[in-house]
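Mind assembling these two chains? They're in different frames, but the hints should get you there.
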Amino acid sequence: MLKKTLDISSSPHIYKGRSTDDIMKNVVWALLPVVFFASYSFGLNALLVIFTATLACVLTEHLLCKLSKKETTVNDYSAVITGLLLGLTLPPSFPLWMAFVGGVIGIALGKYIFGGLGYNVFNPALVARAVLQAAFPVAITTWHPAFLPDRFTNISRSIFTWPFMQPQFDAISGATPLSAFKFDGITASTAELAFGQISGSTGETCAVIIALGGLYLIARNMMSWRIPVAVLLSAFVLSGALYLMDSALYPSPFFMLFSGGLMLGAVFMATDMVSSPITPVGLWIYGGIIGILTIVIRIWSGLPEGVMYSILLANAISPHIDTLVKHRVYGTTKKIKAT
Amino acid sequence: MGFLNFHKDTFKHGIHPPESKDETNALPIRQFPFAPVIILPMAQHIGAPSEIIVREGQQVHRGELLAKAGGYVSVPMHAPVSGIIRKIGNVPTISGKMSPGIFLEAFPSSTQEVLEGKPIDPNTATPEEILQGIQDAGIVGLGGAAFPTHVKLKIPEGKKCETLILNGIECEPYLTTDHRVMLEQEKDIFKGIHYLLKATGAQNAIIGIEANKQDAADHLAKHLPKELPLSIKVLPVKYPQGAEKMLITSLLQKEVPSKSFPIEVGVVVVNVATAAEIGRLLPHGRGIQERVITITGPGVKKKGNYLIPVGTPLRFVLEHVGVEEEISEVYMGGPMMGVAVSNLDISIVKGTSGILVFTRKDVNQSSKIYPCIKCGACVDACPILLNPSKLGILAKFEAYDEMASDYHLMDCFECGSCTYVCPSHIPLVQYFRLAKRVVRKREAEKKVESHA
Ligand code: SF4
Ligand code: SF4
Chain A
1 MLKKTLDISS
11 SPHIYKGRST
21 DDIMKNVVWA
31 LLPVVFFASY
41 SFGLNALLVI
51 FTATLACVLT
61 EHLLCKLSKK
71 ETTVNDYSAV
81 ITGLLLGLTL
91 PPSFPLWMAF
101 VGGVIGIALG
111 KYIFGGLGYN
121 VFNPALVARA
131 VLQAAFPVAI
141 TTWHPAFLPD
151 RFTNISRSIF
161 TWPFMQPQFD
171 AISGATPLSA
181 FKFDGITAST
191 AELAFGQISG
201 STGETCAVII
211 ALGGLYLIAR
221 NMMSWRIPVA
231 VLLSAFVLSG
241 ALYLMDSALY
251 PSPFFMLFSG
261 GLMLGAVFMA
271 TDMVSSPITP
281 VGLWIYGGII
291 GILTIVIRIW
301 SGLPEGVMYS
311 ILLANAISPH
321 IDTLVKHRVY
331 GTTKKIKAT
Chain B
1 MGFLNFHKDT
11 FKHGIHPPES
21 KDETNALPIR
31 QFPFAPVIIL
41 PMAQHIGAPS
51 EIIVREGQQV
61 HRGELLAKAG
71 GYVSVPMHAP
81 VSGIIRKIGN
91 VPTISGKMSP
101 GIFLEAFPSS
111 TQEVLEGKPI
121 DPNTATPEEI
131 LQGIQDAGIV
141 GLGGAAFPTH
151 VKLKIPEGKK
161 CETLILNGIE
171 CEPYLTTDHR
181 VMLEQEKDIF
191 KGIHYLLKAT
201 GAQNAIIGIE
211 ANKQDAADHL
221 AKHLPKELPL
231 SIKVLPVKYP
241 QGAEKMLITS
251 LLQKEVPSKS
261 FPIEVGVVVV
271 NVATAAEIGR
281 LLPHGRGIQE
291 RVITITGPGV
301 KKKGNYLIPV
311 GTPLRFVLEH
321 VGVEEEISEV
331 YMGGPMMGVA
341 VSNLDISIVK
351 GTSGILVFTR
361 KDVNQSSKIY
371 PCIKCGACVD
381 ACPILLNPSK
391 LGILAKFEAY
401 DEMASDYHLM
411 DCFECGSCTY
421 VCPSHIPLVQ
431 YFRLAKRVVR
441 KREAEKKVES
451 HA
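For the protein sequence lines, the chains are A and B, in the order given.
Counting along the first sequence from 1, when you hit position 122 you're at 122 in this note's numbering, and nothing is skipped either side.
Counting along the second sequence from 1, when you hit position 147 you're at 147 in this note's numbering, and nothing is skipped either side.
One chain only, chain B, in its complex shape (with noise of 0.2 Å):
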């Protein structure tokens, strides 16, 4: 096997960039106030949107049910406010689809009280109750994918969990949510690991840490419960660290698969910050209202790491923090792989990590895109080691079908690496992204064909 000669404690390749986590990390979580009115998308996850139960007018409390799971790769949603139900109609969401959705007009006057569930007993539960208990619970991965946190907990028949990974890197520039996290709630965090434990079977679990939270690290140490099988890893900073596969091989020295999921190799990761709301929700029966998040870059007057609650309209966010005059882009997400949004009246959604608003001269403007000079920069980069040059080329002749076949595109995860490197500005991802669309697209349709 190929997998033997590793650097310790890393991953082959990936880059350095610029970490401009100072101006956020050392400031503790502060809570949002509510915005006159919450804007719910239903399609704020990876698989099926969630289904409404509430109709217009309809008061409700905050953390009461108001949409169910709509499948198994689906999470219900929970009011993250008191007050009515004003409309319920289709509203923006980031990707520029519009989505069903709830407008949830807030009670000034409430006390804002959250309303109690069934609470879950990490002691005796069951494994199948723990994850039924977060699908309730809305859960979804917090560190940007916004994948189910139950289905990604489900070990596959035949399958065995070996090793709990809890991902407390946060490679992304910038987003200092995991860090405060990690420093203001790890009573949250273990209590989240012990359910996961329970819900995995794991036989033990290990937090990765990046080195320039050295004093998260020593925080979760310092607290750390001894009934725990739970060790603490600080990692060399490097990006993308914090992408599943990387950590895995920093960590444990073992390559995930092609096409597979980390289960292949007898583990399963989960963000800090998705086990810390585990271990706050689970105990009370709750759902998901609120999260942190990071909002920040040279745009932002009032930086800060905040506990905002889901549907939160970003206007509301960004007039609440106070933002320069020439704004010219904001992301949702790190700089390195957050979406920029078009339009100010999407709202905030579980999967929202950070926010970084760049005025005009952060933007790259001057970026003059040069033939590539096979300078091999992106060689270097690419963390899965494919040849992004070569990928760039087959890819501006349309070539999708070798690109995917000859040199594996559908394994790149879009980190963005290439593209960062790349002194000809070649906007290698871009391509990449359209390129796999693509080929799904082809497959989908063979597929379909196959069958008739």
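So here's chain A without its partners, still in its complex pose (with noise of 0.2 Å):
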């Protein structure tokens, strides 16, 4: 006999199946192996520094879910994103409370008090990253080589520093390649930096596994192949045009391409759903912008590197870029503002 009620429901009554979380859960699934990579090379240090950024991000997103009282949010992956992103920037010695603090103020001011995810105007991890920047200048900048022989057996001092007080640095410590061109004029072959043989923050180095992992979203289409692809051809292009005009003042654009956070910026931090536009002009003037930025910041500026900063400013005007993007709706011939 059939039954009586039946649920009712609006269509479609069929979808893609995929969801939010999964989205996410790749995401960290991409991440992973730049994360071992940074253990790998920097030892016990980068692993305890992601550990710990990652750890706060997860924990203030849980707290601020049920101070408000609502159902935890940790289970969409979005908090384990920000951390891994947040502890990827920092430099492998950096103080473990520091890099607490960056976790509980990317998660707490770089998405919470926006309205949770969805709703922030910023890539948390880059707001954590530009306040601790801030806050402890010193620290941030205090970078240490890579494949040093005692990694998996020691960790450096500097990590166990009781919160405020100054931290102490080893003695070995390195210059990233882009501050030693910066402020020494040299610059690292390009082997080297692709497959992180240098100094730097922790998942800064290896671009050949950030790459991979942004083939392998793209592949899955759950990442914008646009916006990595503007960043890094804009940045390459007026890299390369300097670079013509006068090589002995300007690197090679493939030393701009490799070096420092731009790899990561462009595949993983740039390429924040919520943060960039929606539409595919949109993205395109988004990414270009970012990649134009950082090399102007690079070489005029008196900052080493200019990812962050641009990342931050595009995500600004990321909604202002849709709104200027026009299109033509079906049937009609007039362009109207597509958002």
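Where hints are given, some of them may not hold.
[Said to hold, decoys possible] Straight-line C-alpha distance at most 30 Å; calculated DSS-like pairs for lysine-lysine: (1) A:K16 with B:K301; (2) B:K436 with A:K337; (3) A:K335 with B:K441; (4) B:K368 with A:K334; (5) B:K368 with A:K70.
[What the hints assert, rightly or not] Non-contacting residues of chain B with respect to chain A, defined by C-beta distances greater than 12 Å in every case (computed): (6) Q59; (7) I206; (8) D362.
Since the hints were made in silico from the structure, they are not lab data.
Remember, predicted model here, so these are calculated numbers, not experimental data.
Note that CB positions come from ideal geometry on N, CA and C, so glycine has one too.
Next comes the structure, spelled out in structure tokens:
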């Protein structure tokens, strides 16, 4: 006999079956090789920094949800991404308590006060990183070299600095390729950069692994390919043009592409869906702005690295980029604003 | 004009849901038995309900007129079975509203021979006579919209129909009704096209078929009558290509202007099953009594394509084909645009193209709603090139007027592509349906005010 009650729902009755937490989970998968390589090249230090930042993000997200009596949003994985990304932008011997503070700030200030996932204007990891940069300018620019022989047994003293104490950095600290270029005029070889044989932030080193993670997400249709392509292309073209004009003064475009956080920024940070435009044309403009600004800051400003500020600035104007984009609706001839 | 840079052979955007047609597309159409009582709602097409002309206790013959058209935008209703009128009263419909209707008890021993009427000859009849014949036969769009076909075919003053498009796309997953009709009723389709060309004055006709029905395209091509100016075009599979506007763009690389009908670009679109019905009924002056329906979905035991009398109660249909214990939802139509049924006491109507039964585990229950993450998937899916993300955000703030005036809400035809792709499971179409209703109501009120 047929049952009497039926459920009803609104059409459509089938779905693509890919949910927001699937996308976030896959971003985490794509980031894991980067984390492994960071731990491999910088040893225990990097692992501890990344772990602490991630833990701070997840705990903060959970607590804030509890405090506002909402169901926890930890299982959408977005806090994990913020934590991993933040950890990957910090120097390997960064004091852990500072990394923790960064994680709390990223979630609370970068995301929560805007209304949580989907409403944040900026990439939360970069908000955290910017605040840390301002608060701890020395610690965040003290690098140490990759592939130290004792990296799996020795933990830097600076890591365990007590909160609000002056960190004690080990004697061996290295300059990043970008600051070496900026302040001493030395450029590292592209191969060294591409495979992470240099000092830098934990995750800013192996461009190849980062690019592979990006390709994975693009192949699964979980990331806009337009953003990394636009960022890298515009950075390459601008630095290439400068290099052609005066190769003694300006570094090669390959050096620019593979050094610092450009690859990590282009692939994993600029592509944060929430803080980037929604229209295809908007994505190109947005990526182009990031690429060009990065090169401009690297070459003409007092800072060695400009990816972070470029992305934050582009985040801020991304809704306006979409507003500028006009498009035509089917069956009409006039272009209207897209958003 | 911005109409120039088209990709050939297709419309922009759209989606590729799993087709799920394999289980029924090879099954020939089978006759369904008569239910003991047929329940015919009078409001089963767009427009005015039909007006009942029989009385309780009257005996009727199969094919006899039971109700006449309730106006120009309306069609008559014929007896799907020989029997006796048991009751005239309100009957439930899928919208939840009651409609006047007829309860017709079938004679078990009747031969069920169909009554003949005045035949219409396509060679001698005038366009007006053909349109009248189509209305008299009670024909409405069988693709699902159930809009009276004679109204659609009436070419407005000053317009000209150049191309007649036969819609054999059937882009809804699961449905194989039109597929089977094209394979089995080619003669009726061609005869119908003959009438349709005459009625519209179109110079040529194209049958549009998606590539997953290549066998149907080959079959029609093999039997193509030489005297008809008719061609067959196979298009790549993409939802919602069966929507009139999308199909016109795919076939002719033209866009139908916003808020207008296909005739604006010299086109009339008719579903292939509707054409087959015209070709079958008009030569005998008969009325429509039954239609082909795909009954499928994971919850159905005897899946298939059935010829079912109009007015057959849904409960009888499901009991006959057998359903699983755990059925959860039943849809009339396809899974993308079909309507969920709340009540098994409703009947099959002329616009029912499919019955889909999902069990508990097929219904997407775990779909937790997340905030919009601005992934842009909906923007890439919308065939009308709207921004569903933005519309969805405005809908949340109930900014319905802004949705309509600045973001073309009223051009949305509720195809569901945006909701299908949204990873945050935001019920965008549901929002838009509601918003459109509110905007329409407000516009109507404004009109009343300005007249007062
Ligand atoms: S339902 Fe409307 S907004 Fe959504 S894809 Fe279809 S036409 Fe576009
Ligand atoms: S598909 Fe959903 S989550 Fe993505 S932009 Fe559209 S509404 Fe937002």
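Going down the list of hints, with the structure as the test:
no., hint, in the structure
1, A:K16 with B:K301, "25 Å, holds"
2, B:K436 with A:K337, "20 Å, holds"
3, A:K335 with B:K441, "27 Å, holds"
4, B:K368 with A:K334, "38 Å, violated"
5, B:K368 with A:K70, "15 Å, holds"
6, Q59, "31 Å, holds"
7, I206, "20 Å, holds"
8, D362, "9 Å, violated"
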